[in-house]
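Engineer: Each chain, letter by letter, is given below.
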Amino acid sequence: MGLDYKLVLWNKHKKKYDKIFALSIVLYLVLFIVLTLLLNPEGTAETLIIRAFGSLAILMLHIILIIGPLCRLNPQFLPILYNRRHLGVSMFLAALIHGTFAIIQFHTLGNTNPIVSVFTSNLDYGSLTNFPFQVLGFLALLILFFMASTSHDFFLKNLSPKIWKGLHMMVYVAYALITLHVFLGAFQQETSLPTIGIMLVGFILVSGLHLTAAFKETKNDNIKKKKEEDGWLKVCQVREIMENRAKIFTVNQERVAIFKYQGKLSAIHNVCKHQGGPLGEGKIVDGCVTCPWHGYQYLPQNGQSPPPFTEKVATYELRVQNGWVFIKPEAFPEGTEVEPAKI
Amino acid sequence: MKQKDEFYIGYVEDSVGNLTKKSLKNFVLFGIGFLILGALLFGIFQNTASNSSFDFDSATKVSGVYHEMPYPMLQVELTEGIYKNVVLLGFGKFGPNPYLKDIRNQEGDLEGKHLTIEGNLIYYNGKTLLQIDDGQKISLTNSKRTKSISTESLGAISVEGEIVDPKCYFGVMKPGYGKIHRSCAALCISGGIPPVLVSDDPNAISDYFLLTDLKGNPIHKDILPYIGQPSILNGLAEKLGDWHILRIDVSQIRKLNKESSIY
Numbered sequence: 001m002g003l004d005y006k007l008v009l010w011n012k013h014k015k016k017y018d019k020i021f022a023l024s025i026v027l028y029l030v031l032f033i034v035l036t037l038l039l040n041p042e043g044t045a046e047t048l049i050i051r052a053f054g055s056l057a058i059l060m061l062h063i064i065l066i067i068g069p070l071c072r073l074n075p076q077f078l079p080i081l082y083n084r085r086h087l088g089v090s091m092f093l094a095a096l097i098h099g100t101f102a103i104i105q106f107h108t109l110g111n112t113n114p115i116v117s118v119f120t121s122n123l124d125y126g127s128l129t130n131f132p133f134q135v136l137g138f139l140a141l142l143i144l145f146f147m148a149s150t151s152h153d154f155f156l157k158n159l160s161p162k163i164w165k166g167l168h169m170m171v172y173v174a175y176a177l178i179t180l181h182v183f184l185g186a187f188q189q190e191t192s193l194p195t196i197g198i199m200l201v202g203f204i205l206v207s208g209l210h211l212t213a214a215f216k217e218t219k220n221d222n223i224k225k226k227k228e229e230d231g232w233l234k235v236c237q238v239r240e241i242m243e244n245r246a247k248i249f250t251v252n253q254e255r256v257a258i259f260k261y262q263g264k265l266s267a268i269h270n271v272c273k274h275q276g277g278p279l280g281e282g283k284i285v286d287g288c289v290t291c292p293w294h295g296y297q298y299l300p301q302n303g304q305s306p307p308p309f310t311e312k313v314a315t316y317e318l319r320v321q322n323g324w325v326f327i328k329p330e331a332f333p334e335g336t337e338v339e340p341a342k343i
Numbered sequence: 001m002k003q004k005d006e007f008y009i010g011y012v013e014d015s016v017g018n019l020t021k022k023s024l025k026n027f028v029l030f031g032i033g034f035l036i037l038g039a040l041l042f043g044i045f046q047n048t049a050s051n052s053s054f055d056f057d058s059a060t061k062v063s064g065v066y067h068e069m070p071y072p073m074l075q076v077e078l079t080e081g082i083y084k085n086v087v088l089l090g091f092g093k094f095g096p097n098p099y100l101k102d103i104r105n106q107e108g109d110l111e112g113k114h115l116t117i118e119g120n121l122i123y124y125n126g127k128t129l130l131q132i133d134d135g136q137k138i139s140l141t142n143s144k145r146t147k148s149i150s151t152e153s154l155g156a157i158s159v160e161g162e163i164v165d166p167k168c169y170f171g172v173m174k175p176g177y178g179k180i181h182r183s184c185a186a187l188c189i190s191g192g193i194p195p196v197l198v199s200d201d202p203n204a205i206s207d208y209f210l211l212t213d214l215k216g217n218p219i220h221k222d223i224l225p226y227i228g229q230p231s232i233l234n235g236l237a238e239k240l241g242d243w244h245i246l247r248i249d250v251s252q253i254r255k256l257n258k259e260s261s262i263y
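So the protein lines, in turn, are chains A and B. First residue of the first sequence: 1, per my numbering; consecutive thereafter. First residue of the second sequence: 1, per my numbering; consecutive thereafter.
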């Protein structure tokens, strides 16, 4: 958490994270370049750069895309999510080098503006195998540019988390465009089974993990809650919630986290105001509900971030009866003080 | 229970529990393994380039008889009675005509005159081309016209292959053919570089054909939709020294729905 904006709020974890992936990128590039120089010595430097950075970008995108569902399936992977934006910006830079060199190589020094040429030099838009695949890569690069250039808490706050999240969910559109760009472009010419195979395995991995994570959450959302006559919902037994932890329930189509701490229970809206992290997968640390994604904190009894921070989430009323927890499905306005239910 | 108690907060030092550390280690190993596997597969199974050459960093002076049949060329005498036709090209994705403008204005029609041009050589598989990057590097060495150069008619033929731009195909880009290169080839040919059919039939009378229309005039824009795709072309073949020319009706080109195999 931070009150003012700095380019990067460095800490020990971020430095270690960046070192590991920077070394991995260098390892990839060195290995690819050495193999190319040995096995394809007649190739040009431009082709080498286009191939090295294009293939690096797409492999990095697969790694980035599996982080989200892995964290939803197992919170032990959350430290990888913490600094994912550095990985994303690095992937964009690799894609930018690929795209820039491809435009310089194939579209400059001609009788048409290079960007116009990307769209007009092949007009077979009605054909699948002859489709102008460069257009798909160019559009994906634009999306990645908007994502990378807004990958900072300044834009998150000023665009509003909802718009920011929507913009960054465009990564899936970029992934679809890039996959088509590769299959309708390079793979029309580079038809070896192993290279096509690694892309297919990557696609299966990304889609499989997303579907598994979605299935897990849907199962949780569909748990039937018995409604009592007076409007309270019976959700679980007190002993089902661990100390300083929460259980998540869906009431009135909203996910709510019920926390147990110091002999009390409090319920707040499950969505963190920072990036929409699942507060119910967080923990009470120093008396505050702490988001598992980036450590944003809220007081459980009123949903307010401790001063000087100003974030607020909705709160809910709870009741405990014969070891069972009951919740009033109607949310209080964000930041409303609610007396915790005593166990 | 112990597993659940581990809780990571990015800005708190040493908040990574043992089980989390193990998961992170597994992820890092997977990520590095995925990148190494990718580098091996993409590196080993990529298409290799031909041994074509482009002397982009060194200039060569080439002297010969200028002719347009219909594309600008220099007929260079290698040894007595042995000639090579060097195809002239411009800088970037342009043909040679913008660079020949000044000397045409000074000397008039260049057909049959002896020129010396300093440019960058492009060569592969017996064919030579010359990139001109400055009109000032063209000089008239002999204004006396050599008798006109003629072609030999070889009759109607059918050739299967791919239409490329010869500048990239014969050395500037590797690969200079196929779908990835198609946009570049279209720009080159629309910029005045002659279209060349590369045959993938080992029994064809030549590996390469300069393409013209049925009257023997240059074709550029009309042929753009057919570039970079395996096709069958029917036309009248002619021999022009070490090059072959194929006179075609562009509308009769038939695209083949198959992978290119011209290398």
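Do not take every clue at face value.
[To be verified] Below, computed lysine-lysine pairings styled on DSSO-like, alpha-carbon distance capped at 30 angstroms:
(1) K14(A) / K221(B)
(2) K216(A) / K84(B)
(3) K221(B) / K216(A)
(4) K25(B) / K19(A)
(5) K15(A) / K137(B)
(6) K165(A) / K21(B)
(7) K12(A) / K84(B)
(8) K216(A) / K22(B)
(9) K25(B) / K165(A)
(10) K14(A) / K21(B)
(11) K22(B) / K15(A)
(12) K234(A) / K312(A)
(13) K25(B) / K16(A)
(14) K258(B) / K84(B)
(15) K21(B) / K15(A)
(16) K21(B) / K219(A)
(17) K19(A) / K21(B)
(18) K12(A) / K22(B)
(19) K19(A) / K221(B)
(20) K21(B) / K247(A)
(21) K219(A) / K22(B)
(22) K247(A) / K147(B)
(23) K221(B) / K12(A)
(24) K25(B) / K247(A)
(25) K84(B) / K16(A)
[Claimed, not checked] Not everything, but these chain A residues come out facing chain B in the computed CB check (under 7 angstroms):
(26) D18
(27) I20
(28) F32
(29) G43
(30) I63
(31) L78
(32) S192
(33) T218
(34) E243
(35) G295
(36) Q321
(37) N322
Simulated from the structure, these hints should not be mistaken for laboratory data. Every residue gets a Cβ at the ideal spot worked out from N, C-alpha and C, and that includes glycine.
Engineer: Of all the hints numbered above, which does this structure not satisfy? Sort the numbers upward.
Structural biologist: Numbers 1, 2, 3, 5, 7, 14, 19, 22, 23, 25, 26, 33, 34, 36 and 37 - these are the hints that the structure violates, sorted from lowest upward.
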